[in-house]
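There are 2 protein chains.
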Amino acid sequence: MSDQRTAPVPAHETPYYAVVFTSVRTEEDDDGYRRTAERLSELVKGIPGFLGEDSARTPGGLAISVAYFRDLAGIEAWRRDARHREAKRYGREHWYERYSIHIARVEQSHTFDRS
Amino acid sequence: MSDQRTAPVPAHETPYYAVVFTSVRTEEDDDGYRRTAERLSELVKGIPGFLGEDSARTPGGLAISVAYFRDLAGIEAWRRDARHREAKRYGREHWYERYSIHIARVEQSHTFDRS
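Order-wise, the sequence lines are chains H and S.
Numbers 39 to 153, taken from the working numbering, label the letters of the first sequence in order.
Numbers 39 to 153, taken from the working numbering, label the letters of the second sequence in order.
In short, the hints are calculated from the structure, not lab data.
Hints are supplied without guarantee of correctness; some may be wrong.
As a list, the in silico SDA-like pairs of lysine to any residue whose alpha-carbon atoms are at most 20 Å apart [claimed, not checked]:
#1 S/K126 to H/A49
#2 H/K126 to H/R77
#3 S/K126 to H/T64
#4 H/K83 to H/E131
#5 H/K83 to H/K126
#6 S/K126 to S/D69
#7 H/K126 to H/Y71
#8 H/K126 to S/T149
#9 S/K126 to H/H148
#10 S/K126 to H/R72
#11 S/K83 to S/A115
#12 H/K126 to S/H148
#13 H/K126 to H/E65
#14 S/K83 to S/D119
#15 H/K126 to H/F88
#16 H/K83 to H/T64
#17 S/K126 to H/R152
#18 H/K126 to S/D151
#19 S/K83 to S/V57
#20 H/K126 to S/A45
#21 H/K126 to S/F150
#22 H/K83 to H/E65
#23 S/K126 to S/R63
#24 S/K83 to S/Y71
#25 H/K126 to S/R152
#26 H/K126 to H/A45
#27 S/K126 to S/Y71
#28 H/K126 to S/Q146
#29 H/K126 to H/E76
#30 H/K126 to S/P48
#31 S/K126 to H/F150
#32 H/K126 to S/A49
#33 S/K126 to H/D151
#34 S/K126 to H/T149
#35 S/K126 to H/S153
#36 S/K83 to S/T44
#37 H/K126 to S/S153
#38 H/K83 to H/R130
#39 H/K126 to H/E80
#40 S/K126 to H/A45
What you are looking at is a predicted structure, and each value in this text was computed from that prediction instead of being measured.
Kindly produce the complete structure, drawing on both the sequences and the hints.
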């Protein structure tokens with residue numbers, strides 16, 4: 039989770055990949071969810087080609103996380119990570135009412151900074 | 039903005055396109071921002087090939103909106119829309135500290151629903 043940051047992941051040289059994860063939570067066990075989310079956010083930084091992650095959550099509404107990777111090999115490595123797999127399995131059982139995952143090849147990007 | 043909905047945009051038949059817009063707001067004129075955002079959310083529904091939009095905003099933090107389109111022609115039509123262009127111009131002057139836009143071709147997707 040990157041709620042504390044105040045700068046979105048910037049545009050990178052294309053092509054690169056985005057994993058969009060959009061979810062609606064159950065009421066269950068918010069503390070456990072937060073701890074696991076924070077741990078996964080640290081672990082993903084060790085994946086080769088990881089470029090950054092943005093997260094936002096509307097209180098009582100949708101959560102969206104977008105993780106960026108240089109290539110599909112990084113996404114596959116993260117998908118195969120045993121700690122990530124276990125968290126996803128647990129999440130489907132306990133934390134998520136619904137979610138969608140969209141894996142996409144970024145073809146154009148742009149960053150605006152007022153300063 | 040789709041904060042009120044409780045279901046994320048589902049997986050569609052690939053390929054399709056995602057426009058990820060991640061932003062940090064200024065302090066300025068939240069009412070004007072909300073009105074414009076609501077108006078744009080209605081307008082984009084009229085774009086051919088528009089598939090849906092998910093939005094989330096962490097209070098005091100990042101906002102993420104992801105709009106999905108069947109093809110690049112829809113994204114281009116939305117980009118050329120005069121009301122959209124005017125809102126973006128005004129937004130750069132008044133509402134946004136920073137933003138990133140990533141336009142991406144969705145190659146894999148999946149939806150989970152507990153029910």
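Evaluated hints:
1. With a CA separation close to 18 Å, the supplied pair S/K126 and H/A49 stays within the 20 Å bound.
2. Simply put, H/K126 and H/R77 have alpha-carbon atoms about 13 Å apart, close enough for the 20 Å limit, and the pair holds.
3. Of the pairs offered as hints, the one joining S/K126 and H/T64 is violated, with about 35 Å between alpha carbons and a cut-off of 20 Å exceeded.
4. For the proposed pair H/K83 and H/E131, the alpha carbon gap of about 26 Å is over 20 Å, so the pair is violated.
5. Distance check on the hinted pair: H/K83 and H/K126 sit about 17 Å apart at the alpha-carbon level, within 20 Å; holds.
6. With a CA separation close to 16 Å, the supplied pair S/K126 and S/D69 stays within the 20 Å bound.
7. Under the criterion of a C-alpha separation no larger than 20 Å, the hint pairing H/K126 with H/Y71 is consistent with the structure, at around 11 Å.
8. Restraint check: the Cα-Cα separation between H/K126 and S/T149 comes to about 13 Å, which is no more than 20 Å; the hinted pair holds.
9. For the suggested pair S/K126 and H/H148, the alpha carbons sit about 13 Å apart, so the restraint of at most 20 Å is met.
10. With a C-alpha separation of about 34 Å, the suggested pairing of S/K126 with H/R72 is violated against the 20 Å cut-off.
11. A hinted pair counts as satisfied when its Cα atoms are at most 20 Å apart, and S/K83 with S/A115 qualifies at roughly 12 Å.
12. Taking the CA atoms of H/K126 and S/H148, the gap is near 13 Å; set against the 20 Å cutoff, the hint holds.
13. Distance restraint check for H/K126 and H/E65: the Cα-Cα separation of roughly 17 Å lies within the 20 Å cut-off, and the hinted pair is therefore satisfied.
14. Among the hinted pairs, S/K83 with S/D119 is consistent with the structure: their alpha-carbon atoms are about 12 Å apart, no more than 20 Å.
15. Only pairs whose Cα atoms come within 20 Å are accepted, and H/K126 paired with H/F88 is accepted, the gap being roughly 19 Å.
16. Using a Cα cut-off of 20 Å, the hinted pair H/K83 and H/T64 is violated, with the two alpha carbons roughly 27 Å apart.
17. For the given pair, S/K126 sits about 14 Å from H/R152 by alpha-carbon distance, which is consistent with the 20 Å threshold.
18. Between the alpha carbons of H/K126 and S/D151 the distance comes to roughly 14 Å, so the proposed pair stays at or under 20 Å and holds.
19. About 14 Å separates the Cα atoms of S/K83 and S/V57, which keeps this hinted pair within 20 Å; it holds.
20. A hinted pair counts as satisfied when its Cα atoms are at most 20 Å apart, and H/K126 with S/A45 qualifies at roughly 19 Å.
21. A hinted pair counts as satisfied when its Cα atoms are at most 20 Å apart, and H/K126 with S/F150 qualifies at roughly 11 Å.
22. Distance restraint check for H/K83 and H/E65: the Cα-Cα separation of roughly 28 Å exceeds the 20 Å cut-off, and the hinted pair is therefore not satisfied.
23. Under the criterion of a C-alpha separation no larger than 20 Å, the hint pairing S/K126 with S/R63 is consistent with the structure, at around 13 Å.
24. Proximity of S/K83 to S/Y71 is assessed by CA-CA distance (about 19 Å); at most 20 Å being required, the pair is judged to hold.
25. The straight-line distance between the Cα atoms of H/K126 and S/R152 is roughly 14 Å, inside the 20 Å bound, and the hint therefore holds.
26. For the given pair, H/K126 sits about 27 Å from H/A45 by alpha-carbon distance, which is inconsistent with the 20 Å threshold.
27. Between S/K126 and S/Y71, the direct Cα distance comes to roughly 11 Å. Compliance with the 20 Å bound is thereby established for this hinted pair.
28. Proposed proximity of H/K126 and S/Q146 is supported: the alpha carbons are some 17 Å apart, at most 20 Å.
29. Between H/K126 and H/E76 the CA atoms are separated by roughly 14 Å; this keeps the pair inside 20 Å, and the hint holds.
30. Restraint check for H/K126 and S/P48: the C-alpha separation of about 18 Å stays at or below 20 Å, so the hint holds.
31. Distance hint between S/K126 and H/F150 is fulfilled; the C-alpha atoms sit about 11 Å from each other, no more than 20 Å.
32. Under the criterion of a C-alpha separation no larger than 20 Å, the hint pairing H/K126 with S/A49 is consistent with the structure, at around 18 Å.
33. For a cut-off of 20 Å, the pair hint linking S/K126 to H/D151 stands: about 14 Å separates their Cα positions.
34. Only pairs whose Cα atoms come within 20 Å are accepted, and S/K126 paired with H/T149 is accepted, the gap being roughly 13 Å.
35. A hinted pair counts as satisfied when its Cα atoms are at most 20 Å apart, and S/K126 with H/S153 qualifies at roughly 17 Å.
36. In summary, the hint linking S/K83 to S/T44 is supported, as the alpha carbons are separated by about 18 Å, within the 20 Å threshold.
37. Distance check on the hinted pair: H/K126 and S/S153 sit about 17 Å apart at the alpha-carbon level, within 20 Å; holds.
38. Restraint check: the Cα-Cα separation between H/K83 and H/R130 comes to about 23 Å, which exceeds 20 Å; the hinted pair is violated.
39. Our distance criterion of 20 Å between C-alpha atoms is met by H/K126 and H/E80, whose separation comes to about 16 Å.
40. Only pairs whose Cα atoms come within 20 Å are accepted, and S/K126 paired with H/A45 is accepted, the gap being roughly 19 Å.
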